[in-house]
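Residue numbers (my numbering), protein chains in the order written: chain A, 628 to 738; chain B, 28 to 141.
Check each hint, because a few of them may be wrong.
As the list claims (entries may be wrong) - Some chain B residues close to chain A (C-beta under 8 Å, calculated; not the full set):
#1 55
#2 58
#3 69
#4 70
#5 71
#6 89
Said to hold, decoys possible - Simulated pairs of lysine-lysine, DSSO-like, Cα-Cα distance not exceeding 27 Å:
#7 A/636 to B/69
#8 B/69 to B/138
#9 A/641 to B/69
#10 B/28 to B/95
Worth flagging that the hints you see were computed from the coordinates, not collected in a lab.
All C-beta atoms in this analysis are idealised placements derived from N, C-alpha and C, irrespective of residue type, glycine included.
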Amino acid sequence: NAGVTQTPKFQVLKTGQSMTLQCAQDMNHEYMSWYRQDPGMGLRLIHYSVGAGITDQGEVPNGYNVSRSTTEDFPLRLLSAAPSQTSVYFCASSNRNQPQHFGDGTRLSIL
Amino acid sequence: KQEVTQIPAALSVPEGENLVLNCSFTDSAIYNLQWFRQDPGKGLTSLLLIQSSQREQTSGRLNASLDKSSGRSTLYIAASQPGDSATYLCAVSGVTGGGNKLTFGTGTQLKVEL
Numbered sequence: 628n629a630g631v632t633q634t635p636k637f638q639v640l641k642t643g644q645s646m647t648l649q650c651a652q653d654m655n656h657e658y659m660s661w662y663r664q665d666p667g668m669g670l671r672l673i674h675y676s677v678g679a680g681i682t683d684q685g686e687v688p689n690g691y692n693v694s695r696s697t698t699e700d701f702p703l704r705l706l707s708a709a710p711s712q713t714s715v716y717f718c719a720s721s722n723r724n725q726p727q728h729f730g731d732g733t734r735l736s737i738l
Numbered sequence: 028k029q030e031v032t033q034i035p036a037a038l039s040v041p042e043g044e045n046l047v048l049n050c051s052f053t054d055s056a057i058y059n060l061q062w063f064r065q066d067p068g069k070g071l072t073s074l075l076l077i078q079s080s081q082r083e084q085t086s087g088r089l090n091a092s093l094d095k096s097s098g099r100s101t102l103y104i105a106a107s108q109p110g111d112s113a114t115y116l117c118a119v120s121g122v123t124g125g126g127n128k129l130t131f132g133t134g135t136q137l138k139v140e141l
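Okay, chain B solo, but in the shape it has when bound (with noise of 0.2 Å):
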């Protein structure tokens, strides 16, 4: 059974700081990587996805690695601002269902502060 883990639960950094998130999984076995975000009341929006055969994915100051062999997955966030407070939630998807199937991690909670 996949298992997904996300290191640290919870990060608080100051305004300006670059940061990495880390996610790891179990079963290398997977069909793409996904990252999102998920603000507090609301749905998930997704900021990334990476094929089972990427290296790495990049939006604007998002950069989001995988490395397959090693079940492991970063997203680095560059010049983080206030308004990336939020939890970030990293999932993968198993061979079957066409990347449908999605097995999530808890979480990383990051505040930015001011």
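Isolated chain A (complex conformation) (with noise of 0.2 Å):
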């Protein structure tokens, strides 16, 4: 049982650059999270579902996107890379109103 899985776990990128993290889980979980986590700021909710084709945006949305073609996954997409996006990416998931459970983060640094 893998739970959540993300990838790439390192991604260096130059401002201005693409790319999606990908996020899977094979628990079947209905709802997804993207969070950031930046030193003395905790972690910040980008996006979430609430079940396939369904997201709605958290605290902090701006440069991102989200979809949810299928239960398994839920990929970030970020659009147009810049500087202030450095942090560690983490994927959650579960089921409603029960416990988060969490991947192992991708550590993005953008030049």
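Both chains come to you apart, so use the hints to assemble them.
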């Protein structure tokens, strides 16, 4: 049972480039979320989904897009990378009102 | 806007000591409260989830309490061990989103020394 799998684990981008962070879960969870973790600021919610085809914005959605075409996958797209998006990104999944399961994160640096 | 505060930011204790980590939140309209553990370079591991209608949850040496009216939660760790060294994060979920939208504190970094 793999749980929540995030790829890649590390990535370096140049300003203006685009990329997609992948997240997959094999627990048939209906809820999935993306967070970013920055020193001194804790984790902040970027986007979340309550089921396939349904997404909504979190606290810091600007510069990011998401889609949820299947229950298993919830990719996060950076449209035009900026240095302020340098962070560690975590994907999480759960069922309603159940503990969230987190991936190991993607460490993203934007030069 | 919900704000979550954790005190202390860092804590160092000798092995075997009982300890309490504190979490406070500004909006008492929560769906649940969760405590997580994060090891360096790793993701978060859920420790305990307390529903808004509950007062406490226990798992092994861990006990978490919730006082929603005062906006406080504590995580009690009994007989601490070096393997408990990690960052402990408190998070609350709002009443919308099915408990999925978490607001996190910045964590307490715990070191248990031999």
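Evaluation of the provided hints:
no., hint, result
1, 55, "violated, 17 Å"
2, 58, "holds, 7 Å"
3, 69, "holds, 6 Å"
4, 70, "holds, 4 Å"
5, 71, "holds, 4 Å"
6, 89, "violated, 13 Å"
7, A/636 to B/69, "holds, 11 Å"
8, B/69 to B/138, "holds, 17 Å"
9, A/641 to B/69, "holds, 25 Å"
10, B/28 to B/95, "holds, 16 Å"
Checked against the numbered hints listed earlier, the structure breaks hints 1, 6; every other hint is satisfied.
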